[in-house]
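**Student:** Got chain A; can you put chain B on it based on the hints?
Protein chains: 2
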Amino acid sequence: MGSARSDRISPLAVKRLSLYLRCLEELAQQDQTTVSSRQLAKALGLTDAQVRKDLAYFGQFGRPGVGYAVQDTVTRLRVIFGTQKDWEVAVVGVGSIGRALLGFKGFGQRGFRLAAAFDKDPAKIGRKIGGVLVQSAGELAATVRKKRIRLTVLAVPAQAAQEVAEALCRAGVKGILNFAPVRLNVPDDVAVVPVDLGSLLQQLSYFVTAAQAGNQTHPGVRRDLT
Amino acid sequence: MGSARSDRISPLAVKRLSLYLRCLEELAQQDQTTVSSRQLAKALGLTDAQVRKDLAYFGQFGRPGVGYAVQDTVTRLRVIFGTQKDWEVAVVGVGSIGRALLGFKGFGQRGFRLAAAFDKDPAKIGRKIGGVLVQSAGELAATVRKKRIRLTVLAVPAQAAQEVAEALCRAGVKGILNFAPVRLNVPDDVAVVPVDLGSLLQQLSYFVTAAQAGNQTHPGVRRDLT
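So the protein lines, in turn, are chains A and B. So in my numbering, spot 103 of the first sequence is number 103, and the numbers just go up one at a time. To get my numbering, take the position in the second sequence, counting from 1, and add 226.
Only chain A is shown next, with the shape it has when bound in the complex:
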């Protein structure tokens, strides 16, 4: 939402594709060579039909009685996600969330390298966090251009987010993972993926409420609402 990319393909569809990729990578590690749409569907809580439709959309077709070739589908999905090469990522805003992300080891495994960090607090500038030097906000544009950084994690306070996002876009950034609890207005060629921690807890409370009520509070919600 807030991204013009979303009128080409739904962010939810992209999320499903990323879940297929993760699941298939795990199967490849376990040396499984083929997988059925049913197995993928079961692992991800989707219908078989949804899995077949999603994979068919980008040209992967399972063979009846055999399924999908695991490694081939992984390779194809990595090309689609652009993660067959490494991406340099900047963290903008080194508060508690920015600091936590700089210390997070899981990005490297997916082909994302934290290559720069920015803050406007003089007490933070010049320090290294998670091996990354914190630079001043004034160095942002030059560094993003020099290192050809296209992806950023935005973890500044809500009131600063729009202005910083505009500066990032002017410097050539094309994708923003947005932890600030505001909707960003960005140019058509820039994608925004919002991370809304309150919304994630809300999804949990949905499941717990539904279980407590024996699903009676929303009798219309059915399994096929995927």
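To be clear, the hints were calculated from the coordinates, so they are not data collected in a lab. Honestly, I wouldn't trust all of these hints.
Here are a few chain B residues that face chain A, going by a calculated C-beta distance under 10 Å [as the list claims (entries may be wrong)]:
no., residue
1, Val315
2, Leu328
3, Gly329
4, Arg374
5, Gln438
In silico DSBU-like links for lysine-lysine, alpha-carbon gap of 35 Å or less [what the hints assert, rightly or not]:
no., chain 1, residue 1, chain 2, residue 2
6, B, Lys346, A, Lys128
7, B, Lys331, A, Lys15
8, A, Lys53, B, Lys279
9, A, Lys85, B, Lys268
10, B, Lys354, A, Lys128
11, A, Lys105, B, Lys350
12, B, Lys354, A, Lys105
13, A, Lys105, B, Lys346
14, A, Lys15, B, Lys311
15, A, Lys85, B, Lys241
16, A, Lys128, B, Lys350
17, B, Lys279, A, Lys15
18, B, Lys241, A, Lys42
19, A, Lys42, B, Lys311
20, A, Lys53, B, Lys241
21, A, Lys42, A, Lys53
22, A, Lys124, B, Lys346
23, A, Lys105, B, Lys331
24, B, Lys331, A, Lys128
25, A, Lys124, B, Lys331
26, A, Lys124, B, Lys350
27, A, Lys42, B, Lys268
28, B, Lys268, A, Lys15
29, B, Lys331, A, Lys120
30, B, Lys354, A, Lys120
31, A, Lys120, B, Lys350
32, A, Lys105, B, Lys373
33, A, Lys53, B, Lys268
34, B, Lys354, A, Lys124
Note that this is a predicted model, so its numbers are computed, not measured. Glycine is no exception: its CB is placed at the ideal position from the N, C-alpha and C atoms.
**Tutor:** What follows is chain B alone, placed relative to chain A:
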């Protein structure tokens, strides 16, 4: 994924419902009384038909030429999400991510109150972070039972996650927001929402790759893949 709840309703469908709720709450704040499926669809990058289908599933029907009653739909969705009342939430694992979450102000607005925190590091136990006392892992079960905590944020290292999750489930926890990069095995009546930061960056790299390639790398992906 990994949650038995997912065979009743897809986590992606729940995510869409949470996006409708957020969008409708914003409209209510702006004193808008009705909204069309088209307006909701446009804001969220979905098709009109998907919005109508989702809302109809739990008994909300728009009136032709008028649309949906904003406040009525917000009220209905809050009941479904259980957020008409407050939830007490525990943070388990006070490393960099746990600490960042304890300092995050956005939970309270959604009806989630951080009520307890646990760690096994003696240097952290007894300290207050974001106003919440860090207790020892040994106090977890008794505190969760006493405070009737049903939702937790799991932010322990990957290798400890399964064991801690099992202890939480034994103490009566019914929902786990899982920041640990592992799939949890939990009883059928416990829901897990995984937060995979690497996967979120991957979703961004998808959009950027698609834009750079002019959508040519995946000619089959179309807008109606919602």
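**Student:** It remains to establish, for every hint, whether it holds in the given structure.
**Tutor:** For each hint, the structure was consulted:
Look at Val315 of chain B: its Cβ gets to within about 7 Å of chain A, closer than 10 Å, so that hint holds up. The interface hint given for Leu328 of chain B is met, as the beta carbon of that residue sits about 8 Å from the closest beta carbon of chain A, less than 10 Å. Contact between Gly329 of chain B and chain A, as hinted, is supported at the beta carbon level, the nearest pair being about 5 Å apart and thus within 10 Å. Hint status for Arg374 of chain B: violated, given a least beta-carbon distance of 12 Å to chain A, over 10 Å.
Interface restraint check for Gln438 of chain B: the shortest CB-CB distance to chain A comes to about 8 Å, inside 10 Å, so the restraint holds. Between Lys346 of chain B and Lys128 of chain A the CA atoms are separated by roughly 27 Å; this keeps the pair inside 35 Å, and the hint holds. The hinted pair formed by Lys331 of chain B and Lys15 of chain A meets the criterion: a straight-line CA distance of about 26 Å does not exceed 35 Å. At roughly 19 Å between alpha-carbon atoms, Lys53 of chain A and Lys279 of chain B fall within 35 Å of each other, so this suggested pair holds.
A hinted pair counts as satisfied when its Cα atoms are at most 35 Å apart, and Lys85 of chain A with Lys268 of chain B qualifies at roughly 33 Å. Straight-line distance between C-alpha atoms of Lys354 of chain B and Lys128 of chain A comes to about 26 Å, which keeps the hinted pair within the 35 Å bound. In summary, the hint linking Lys105 of chain A to Lys350 of chain B is supported, as the alpha carbons are separated by about 22 Å, within the 35 Å threshold. Only pairs whose Cα atoms come within 35 Å are accepted, and Lys354 of chain B paired with Lys105 of chain A is accepted, the gap being roughly 26 Å.
A hinted pair counts as satisfied when its Cα atoms are at most 35 Å apart, and Lys105 of chain A with Lys346 of chain B qualifies at roughly 21 Å. Distance hint between Lys15 of chain A and Lys311 of chain B is fulfilled; the C-alpha atoms sit about 30 Å from each other, no more than 35 Å. Of the supplied pair hints, the one linking Lys85 of chain A and Lys241 of chain B holds, its CA atoms being roughly 30 Å apart against a limit of 35 Å. Between Lys128 of chain A and Lys350 of chain B the CA atoms are separated by roughly 23 Å; this keeps the pair inside 35 Å, and the hint holds.
At most 35 Å may separate the alpha-carbon atoms for a hinted pair to count; Lys279 of chain B and Lys15 of chain A meet this at roughly 20 Å. With a C-alpha separation of about 19 Å, the suggested pairing of Lys241 of chain B with Lys42 of chain A holds against the 35 Å cut-off. Straight-line distance between C-alpha atoms of Lys42 of chain A and Lys311 of chain B comes to about 33 Å, which keeps the hinted pair within the 35 Å bound. Taking the CA atoms of Lys53 of chain A and Lys241 of chain B, the gap is near 20 Å; set against the 35 Å cutoff, the hint holds.
At roughly 15 Å between alpha-carbon atoms, Lys42 of chain A and Lys53 of chain A fall within 35 Å of each other, so this suggested pair holds. Of the pairs offered as hints, the one joining Lys124 of chain A and Lys346 of chain B holds, with about 29 Å between alpha carbons and a cut-off of 35 Å not exceeded. Distance restraint check for Lys105 of chain A and Lys331 of chain B: the Cα-Cα separation of roughly 25 Å lies within the 35 Å cut-off, and the hinted pair is therefore satisfied. Only pairs whose Cα atoms come within 35 Å are accepted, and Lys331 of chain B paired with Lys128 of chain A is accepted, the gap being roughly 26 Å.
Between Lys124 of chain A and Lys331 of chain B the CA atoms are separated by roughly 22 Å; this keeps the pair inside 35 Å, and the hint holds. Between Lys124 of chain A and Lys350 of chain B the alpha-carbon distance is near 23 Å, which keeps this suggested pair within the 35 Å criterion. Between the alpha carbons of Lys42 of chain A and Lys268 of chain B the distance comes to roughly 31 Å, so the proposed pair stays at or under 35 Å and holds. A C-alpha spacing of about 19 Å is found between Lys268 of chain B and Lys15 of chain A, which places the hinted pair at or below 35 Å, so the restraint holds.
The hinted pair formed by Lys331 of chain B and Lys120 of chain A meets the criterion: a straight-line CA distance of about 21 Å does not exceed 35 Å. At roughly 27 Å between alpha-carbon atoms, Lys354 of chain B and Lys120 of chain A fall within 35 Å of each other, so this suggested pair holds. The hinted pair formed by Lys120 of chain A and Lys350 of chain B meets the criterion: a straight-line CA distance of about 29 Å does not exceed 35 Å. As the CA atoms of Lys105 of chain A and Lys373 of chain B are separated by approximately 33 Å, the hinted pair is consistent with the 35 Å bound.
Note on Lys53 of chain A and Lys268 of chain B: the hinted pairing holds, with a Cα-Cα distance of about 23 Å set against a maximum of 35 Å. Restraint check: the Cα-Cα separation between Lys354 of chain B and Lys124 of chain A comes to about 23 Å, which is no more than 35 Å; the hinted pair holds.
Against the hints set out earlier in the document, a violation occurs for number 4 only.
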